[in-house]
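Please work from the sequences and hints to get the whole structure.
Protein chains in written order, with this note's numbering: chain A, 1 to 448; chain B, 1 to 300.
If you are wondering where the hints come from, they were derived from the structure by calculation, not from laboratory data. Treat the hints with care, since some could be wrong.
Label-pair ranges, simulated between beta-carbon atoms [stated by the list, open to error]:
#, chain 1, residue 1, chain 2, residue 2, range
1, A, LEU11, B, GLU246, 39 to 45 angstroms
2, B, ASN162, A, LEU11, 38 to 44 angstroms
3, A, ILE319, B, ASN162, 45 to 51 angstroms
4, B, VAL223, A, ILE319, 54 to 60 angstroms
5, B, LEU235, A, ARG17, 26 to 32 angstroms
6, B, GLU136, A, LEU11, 41 to 47 angstroms
7, A, MET304, B, GLU77, 47 to 53 angstroms
Because the structure is a prediction, the values reported are computed rather than measured. Beta carbons are placed, not taken as given, at the ideal position from N, Cα and C, and that holds for glycine.
So you can see what is in the structure, the chains are spelled out below.
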Amino acid sequence: MKMIDMLKLGLRNLGRRKARTALTVMGVVIGTISIVIMISIGIGMNENYTKQVMQLGSLNTITVGKYQDVIDSDGNYVDYKEQQINDALIEQIKALDHVKVVSGVVEGNVQLTARGKYQSNMSLYVMDKSTFEDFDFPPLANGSYNEEVNFKKPTIFVGPNILKYYFYNPKSRNYDQYEVQPTDPVTLTIQNWEYQQDPKKKARKYPVNMYVFDCDENSEYNYNTYMDKSEYERLYHEYLKTLNVKDRKKAEKKMREYNNIKVCVDNVKYIDEVQEKIKELGFYSSSLTQYTKSSQETSKMLQMVLGGVGAVAMLVSAISIANTMVMSIYERTKEIGVMKVLGCYVRDVKRLFLFEAAMIGLIGGIIGIIISYIMSFFINKFGGKLFEAIMSTGSLWGMTGEGAKFSIIPLWLPVAAAGFAMLVGVVSGFAPANKATKISAIEAMRNE
Amino acid sequence: MNNIIEVKDLKKVYHMGKEKIYAVNGVNFTIREGEFCCLLGTSGSGKSTLLNLMAGIEKASKGSIIIKGEDVVKLNETKLAKFRQNYLGFVFQAYNLIGSMNALENVEFPLIFKRVPAGKRKKMAIRMLKRVGLGERLYHKPKEMSGGQQQRVGIARAFVANPQIVFADEPTGNLDTKTTMEVMDLIHDLARRNKQTIVMVTHDPRLAEYGDKIIRVSDGKIVDVEVRKTDEEILNEQMEASRRAEIEKMEKIEKAKEAKRRKEEAKALKAAGHKKEAKTENTEDKKENEQDEQKTDETV
Ligand SMILES: Nc1ncnc2c1ncn2[C@@H]1O[C@H](COP(=O)(O)OP(=O)(O)O)[C@@H](O)[C@H]1O
Ligand SMILES: [Mg+2]
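And the structure:
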């Protein structure tokens, strides 16, 4: 029997019992839809999380803070600890597996002055400029990270919200707020009220370049200011000279105390492992992945529910296919006998029935995929509210925002789904097909 | 003439609980090539079982059945299928047409198993259906045909691959007397023309009269073998039949030529401007042709 004839004969046989075939196909359709939608939501959510979290900051960065929040495994805040962090710890962390870069971050206190009259007092994070990119610093709206260290005119890297909301005119009656433009001339003064100023000297104002982070609203960089370590140290040394001799030593020591240590891990999947190692060293740490865990678990549960529905639906449709095939074989007992008498090989009988079962699976799979695409479209369009309701936790920041996708169907998914549906057909058609081969040619000779 | 089938010491035992039923109980006979052989016996005498054994549809309990030098008893399923494709045709009492297929598809069906290409298959099937007088019923489903017509489709299916042996188990069992005779004549004539061997089971002694040999079966045993025609007589009949076929073929060609000629005449008339007359004549011609064709179809 030729393949093409087998194909025609099989399709014709399915067409003979349209209602029954349609019902059986429907089972596969439902199963396919559940599975495809489940996987698509899983992919959609993961992608969303990654995207959202990546906007917050680097996913493969661990922070060991001097004042460290302690987060439990569900991502909830439980405690806060003060811990001694220093160069020795940096060396220990550097020695851990999967750690790419470690950088100590010093916190400095500065005053910025824009256009000579608008001021802002703030903390400044100081670390090696060369490590910025390792820690996935956001892109810059102006300027670049790769410029040479410049002692004459140092550079500060600021978040857009600082420029927007943090500058005011102290001399005006209402403390007028001013939105600083990146092109505005800005000067920087180091100041710290803990230390006594030498009355004869005055802290200098240094003109600085100002590069602005081009980052998302929720990003930590939006509210922070960074500066290169060597540039800052130069300014700090000059600042020390302006201090009361008594306080100089104290201030100098402060320069070597880290506010936190940033650790870059070579792959996100080792974050937990490295954090665990740091804990073994006796230090608490935090990373963005910790915060997303609970949300991811909720999404996993949703996927599992849908997956369960899909698996049950597929199982039911497999049984239904087997049932349909058995019924069909009972009805066609005589026909199978006639086929054998007319010279049909046993293996062709088997193939024919396997093909019919496979076709039920494939047709169901294809229809299921088409409906899945339609459903996916509507889920993405109207699913926001629904997901908000299901995910009661507040950890779903930004998920419901404009253009957020909850269901993503990558190209491999329909192919795999169709293949799987067909496989379900073949597997459930196997026993019936074997049964068909056992029907004797004698059936053709019986006269009922 | 050669023996195309040789049955030796054949036995078939059915076990019904403790009871043993000897449906075929030690049978020996031969069938000549081109012979029309009738197995005659009352109901339950074991004729069908004997036929099924010969066709390899049932496994013998003992003995051998040599067909074309091959022992059918020893063939496995695959070889049997191949053997049936190559040498055997079947006509069933209950026609056993596939209900979802039209006449043409039913006749093509065994050719599918032989992997005959679709185009050739269709041509062969149409030729065969015309041959059994169903040239006008190619696309009718079995349900839309009378019993006689259905059995003609069944016969076309049995003969389409031009098998050397055709088995028929009570092929007219479900038909009325008039149709029975038509169907018997058809089978006999087809077999003679193509020099095919027929093994037919019947309980009706009048139908057994068609046989060149009548094998009387009773209680699983052969009680009598009556050879009614010599080799020479069979050969003469075969020659006569093919001569007749030749003449019919020529007539058909002539008729087709005639029809073509008339058509061209009509065209010429039309071209000459006698549009109206030409048209009426043309349609009349067509009708006449159709009637002619039907007549020839039914007489072959
Ligand atoms: N499958 C079977 N099982 C048991 N007995 C059978 C079977 N087939 C036929 N027989 C018996 O074998 C005998 C011959 O049957 P069969 O060949 O059909 O007779 P016939 O065709 O001459 O009427 C009968 O007695 C019948 O009951
Ligand atoms: Mg019988």
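Outcome of the hint check:
no., hint, in the structure
1, A:LEU11 x B:GLU246: 39 to 45 angstroms, "holds (43 angstroms)"
2, B:ASN162 x A:LEU11: 38 to 44 angstroms, "violated (30 angstroms)"
3, A:ILE319 x B:ASN162: 45 to 51 angstroms, "holds (46 angstroms)"
4, B:VAL223 x A:ILE319: 54 to 60 angstroms, "holds (56 angstroms)"
5, B:LEU235 x A:ARG17: 26 to 32 angstroms, "violated (52 angstroms)"
6, B:GLU136 x A:LEU11: 41 to 47 angstroms, "violated (28 angstroms)"
7, A:MET304 x B:GLU77: 47 to 53 angstroms, "holds (48 angstroms)"
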